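In case you want the letters, here they are:
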Amino acid sequence: MIRSIINLGARTIGMIRWAGEGALFLLPSFFGMLAVLRRPRLIAQQLYSVGVLSMVIIVIAGFFVGMVLGLQGYIQLSAYKAESALGLGVALTLSRELGPVVTALLFAGRAGSALTAEIGLMRATEQLAAMEMMAVNPFERVIAPRYWAGIIAMPLLAAMFTLVGIYGCWLVGVVQFGIDHGIFWSTMEAGVDFREDIFNGIVKSVIFGAVVTGIALFEGYFARPTSEGVSRATTRTVVNSSLSILALDYLLTSLMFAGPG
Amino acid sequence: MNTWPDSSDETLITIENLDFGFGRELIFKDMSLIIPRGKVTAIMGPSGCGKSTLLGLVGGRLKPKRGSIDFEGKRVDKARGKKLYGLRRQMGMLFQNSALLTDLDTFENIAFPLREQTALPDEIIEIIVKMKLELVGLRGASELQPSELSGGMARRVALARAIALDPKLAMYDEPFVGLDPISKGVIVKLIRELNDALDLTSLVVTHDVQEGLSIADYVYILGNQNVLGQGTAAQIQESEDPMVQQFIHGLPDGPVPYQYPASPYADDLRHD
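Taken in sequence, the protein lines are chains A and B.
Heads up: the first sequence is residues 1 to 261, going by the numbering used here.
Heads up: the second sequence is residues 1001 to 1272, going by the numbering used here.
Hints in this document: simulated from the structure, not taken from any laboratory.
Mixed in with the good hints there might be a few duds.
Claimed, not checked - Computed list of chain B residues with no C-beta within reach of chain A, every gap over 12 Å: (1) R1061; (2) L1133; (3) A1266.
Claimed, not checked - Quick look at which bits of chain B chain A covers, simulated, 3 or more residues with Cβ under 8 Å: (4) 1095–1101; (5) 1250–1264.
Claimed, not checked - DMTMM-like cross-link-like pairs, simulated, lysine to aspartate or glutamate; straight-line CA separation at most 25 Å: (6) B:K1168 - A:E21; (7) B:K1065 - A:E21; (8) B:K1065 - A:E228; (9) B:K1082 - A:E126; (10) B:K1063 - A:E228; (11) B:K1168 - A:D249; (12) B:K1063 - A:E97; (13) B:K1078 - A:E21; (14) B:K1065 - A:E132; (15) B:K1130 - A:E132; (16) B:K1078 - A:E196; (17) B:K1078 - B:E1016; (18) B:K1078 - A:D197.
Just so it is clear, the structure is predicted and the values come from calculations on it, not from any experiment.
Each residue gets a CB set at the ideal place from its N, CA and C atoms; glycine is no exception.
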């Protein structure tokens, strides 16, 4: 009985501490993000490591996901002689859902884990403390540029994923199974709406970018300064951001596509 | 000979009635000390006595529970934000594990404070960095990455970075730890020479008795939440305080017990 009360108390304190740490992290990060806009070079450097270096995995994954969608879609649609809708179906799936979601999951594994490990080790090796002693605000110099880079890179990577996915589907549908080239593209052109499908997809990926990068930086900043602490923080980044992406995706989809009217 | 400063204009840092601790345990209790300007002051004491914590307090990274820390007449313990950063610009710090920024090469590590804190053009920054590198004898290593430097070299690069902005105070956190005798000798020589040539005030935290006593104009020995002994190296060696004697002679047992507190040994071995 007493033990369960102790556990409840410990959990409550843990949650309050977590919320407090979150506030301590978010507030200076926000001001840092405003300040770093004066130094776009710092953001550009991080865009390279967060964005450009993630491109290979995103492009390859997008290509295969598109091919699998094309193959499965063709098998199902051809049973109803509706294979001409393949391009449209895959384009909608990718731009609304799979583009932002799968890109964000891959981004969490590739860039998020790297960010957590980097910040965690910077803290463990006193690099952040050294910056503070050099009168340099680590939130402005280290956290904020990485945050911006994550938010900017995610929609670009998701767009790339979608685009390559559509080409993967085209390869299977048009080249392999002989769907008419013109019909494949024209149904897509007629059926995909910019505001409804593409814009909503971009909004999703911006939000996912902010969430994944935020979790990664937060976990890195508060990681215990030991090798075990950094390794646990990296794991938490991937697990927490993946679950957040999937839960948020349902929420966003219901707000965007299932709203009244 | 006592080099104790006797007028206030010779003092750079004044710490008065300081209480500090993590949680409820106090590390310092009602501690007062002063750091004389232009001198090398060594802060020595056994592990865990709060030597590095003292540097955190002087640098304003830690806040005392009570008491004051005064740097050139300005309260470090009260300073926040821009005011605190303004004070830190006058302090350089060498961290125990060098804390070089791993994504920058040697040159850029030393240029870092200059680029962040000044609006100097690249050509001037390059000249200053080369001068600092020459001071620590590593001008030829400017393109090496931190991972390519030996422990001693990394310490020297960090030293060059600590003095990049020509601070008034240079703080060294365990500068001799983990170095071979040659590298140790180099660092000892550099701390002394830089202090005298650049008109610095140096605060060296160390538990290396030999190096600490050889380098310092003035020595504080910390322990038991306060200052155990102070004076010149000679005065410290003549001190009659048993804890000071145990520390400087490296005796395994004494006022600082060899045994970690435990239940009686015989009780612990008995199986009832």
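Self-check item: Contradicted hints - numbers only
Solution: 1, 5, 6, 8, 10, 11, 12, 16 and 18
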